[in-house]
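All chains, full assembly: derive it from the sequences and hints.
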Amino acid sequence: DTAVSQTPKYLVTQMGNDKSIKCEQNLGHDTMYWYKQDSKKFLKIMFSYNNKELIINETVPNRFSPKSPDKAHLNLHINSLELGDSAVYFCASSHGGWTNEQFFGPGTRLTVL
Amino acid sequence: DQQVKQNSPSLSVQEGRISILNCDYTNSMFDYFLWYKKYPAEGPTFLISISSIKDKNEDGRFTVFLNKSAKHLSLHIVPSQPGDSAVYFCAATDYGGSQGNLIFGKGTKLSVKP
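Same order as they appear, the protein sequences are chains A and B. Count the first sequence with the working numbering and you get residues 1 to 113, in order. Count the second sequence with the working numbering and you get residues 1001 to 1114, in order.
Bear in mind the hints are in silico, worked out from the structure with no lab data behind them. Accuracy of the hints is not assured; some may be wrong.
Stated by the list, open to error - Listed below are the simulated DSSO-like cross-link pairs for lysine-lysine, each with C-alpha atoms no more than 30 angstroms apart in a straight line:
#, chain 1, residue 1, chain 2, residue 2
1, A, 44, A, 67
2, A, 19, B, 1106
3, A, 40, B, 1068
4, B, 1109, A, 36
Small disclaimer: the values here were computed from a predicted structure and weren't measured.
Right under this line is the structure:
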């Protein structure tokens, strides 16, 4: 059973397009996150959702928008893709609490041409 | 501005020996620290954590040491096994202020040679 799953695993697209990455967790967690791992290998938080409310919104362009239809899903929508958006995007989830152990999905490698 | 630094991009160790991975942080508000392990083409997986009220936490072959005055933590793996070969990320959080916002280091690639 996959705990945190993401689709697609690879995404190649042209500049200017709009794309979405889906994330689902079956752990019953109440918080989900999106991270971006850039070419320098830094993992940086983009968003998190707790009980369908955005609780962290780092300084990411507003072309990126998280959408959470329910507690088990947090999808990432990206409008007007740019070359610099090329990266690996990881979804994660955790159970609210101070341990902050986050469970990560396998990642989606986005390439913008 | 890197708040969590892993200054060694790579480390090579012989099987059976000790692996020591280091991590430094700059934000004195951090009160919880975690290590994640990542294999190629997979997401990071949680390995071990430590609260700032402790200076050591042990789980099997993995031990994390925290030196708050030096703002330094280290992960010890004893004995190292080839399956430990992966990228290890140090992460830190100020739980009270960040509500789960983990700040990650850049990672150290560990290679354990048979």
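Here is what the structure says about each hint:
For the hint linking residue 44 of chain A to residue 67 of chain A, the alpha-carbon distance of about 19 angstroms falls within 30 angstroms, and the restraint holds. At most 30 angstroms may separate the alpha-carbon atoms for a hinted pair to count; residue 19 of chain A and residue 1106 of chain B meet this at roughly 27 angstroms. The hinted pair formed by residue 40 of chain A and residue 1068 of chain B meets the criterion: a straight-line CA distance of about 28 angstroms does not exceed 30 angstroms. With a CA separation close to 19 angstroms, the supplied pair residue 1109 of chain B and residue 36 of chain A stays within the 30 angstroms bound.
In the structure shown, no violation is registered for any of the earlier numbered hints.
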